[in-house]
Amino acid sequence: MPRVLITGTNRGIGLEFARQYAADGWDVVATARETSPELDSLKVSVELLELTDLEAVTDFGKRLEGPLDLVIANAGTWVPEQAESAADGRAWANMMVTNSIAPYLLAKSVLRHVAEARGRLMALTSGMGSIGESSGGYAPYRSSKAALNMAWHSLAIEVKRLGIVAAVLDPGWVKTRMGGPNAPTPPEQSVGDMRRLIERIAPNQSGSFFKRDGSRHGW
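Using this note's numbering, the first residue of the sequence shown is number 1, and each one after it goes up by one.
It should be emphasised that the hints constitute simulated quantities derived from the structure, not laboratory data.
Treat the hints loosely; a few may be bogus.
Below 25 Å or equal to it, Euclidean Cα-Cα: the simulated DSS-like pairs (lysine-lysine) are [unchecked claim]:
| hint | residue 1 | residue 2 |
| --- | --- | --- |
| 1 | Lys108 | Lys175 |
| 2 | Lys108 | Lys160 |
| 3 | Lys160 | Lys62 |
| 4 | Lys160 | Lys211 |
| 5 | Lys211 | Lys175 |
| 6 | Lys43 | Lys62 |
Computed Cβ-Cβ distance ranges for the label pairs, DEER-style [as the list claims (entries may be wrong)]:
| hint | residue 1 | residue 2 | range |
| --- | --- | --- | --- |
| 7 | Ala93 | Gly136 | 18 to 26 Å |
| 8 | Lys108 | Gly136 | 30 to 38 Å |
| 9 | Gly214 | Met128 | 27 to 35 Å |
| 10 | Arg63 | Pro181 | 14 to 22 Å |
| 11 | Glu199 | Asp59 | 25 to 33 Å |
| 12 | Arg11 | Gln82 | 34 to 42 Å |
| 13 | Trp78 | Asp213 | 21 to 29 Å |
Backbone N, C-alpha and C define an ideal beta-carbon position, used for all residues, glycine too.
All chains should be built: construct the whole structure from the sequences, respecting the hints.
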């Protein structure tokens, strides 16, 4: 039975990943800051994990035994939207931990399990993390995703020798609490597209920045 670790599974895209993989017979390890009725209803193993607790993040691999075929670093935050005060700056620093630093450290924590399966490391990013993106605003979120992109690109280079494929995926504008009710794409469609993409990413594409349809984003 293949095994997947998914972060941020109590709602939205992470919950949908957990639902789809569980339905297809995967052994799902689902992490979340707190559980939810929707998550509890699934046949998954729930592990509580606060990504701003970096000691818990770096020790997480010790909770697991055996191989991991896939890691999906999905958890993230949108707060603060802007940065104009010292309080905003502190929230921005926490965002950097949640959106970029913790995912990288978690991947390193479970690396031996992924290497055992010659598995895959996937992180969910955003087109807003592209330096070439033409609209402004939302500097905290944009910078956190740009940092994630760079960290994951470096990770892909580090783990290539282990036969591991790593990439960052843009799920698109999805109808979740973060994406809002006007988003055009339901989670089911976004996750289905990303799952098909994850399966077909070749080793020579490791380290890439993909849209969910498989086309490349500019960095």
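Verification of the supplied hints:
no.: 1; hint: Lys108 - Lys175; in the structure: violated (31 Å)
no.: 2; hint: Lys108 - Lys160; in the structure: holds (13 Å)
no.: 3; hint: Lys160 - Lys62; in the structure: holds (23 Å)
no.: 4; hint: Lys160 - Lys211; in the structure: holds (22 Å)
no.: 5; hint: Lys211 - Lys175; in the structure: holds (17 Å)
no.: 6; hint: Lys43 - Lys62; in the structure: holds (22 Å)
no.: 7; hint: Ala93 - Gly136: 18 to 26 Å; in the structure: holds (21 Å)
no.: 8; hint: Lys108 - Gly136: 30 to 38 Å; in the structure: holds (33 Å)
no.: 9; hint: Gly214 - Met128: 27 to 35 Å; in the structure: violated (20 Å)
no.: 10; hint: Arg63 - Pro181: 14 to 22 Å; in the structure: violated (36 Å)
no.: 11; hint: Glu199 - Asp59: 25 to 33 Å; in the structure: holds (30 Å)
no.: 12; hint: Arg11 - Gln82: 34 to 42 Å; in the structure: violated (24 Å)
no.: 13; hint: Trp78 - Asp213: 21 to 29 Å; in the structure: holds (23 Å)
The structure fails to meet hints 1, 9, 10 and 12 from the earlier list, while all remaining hints are met.
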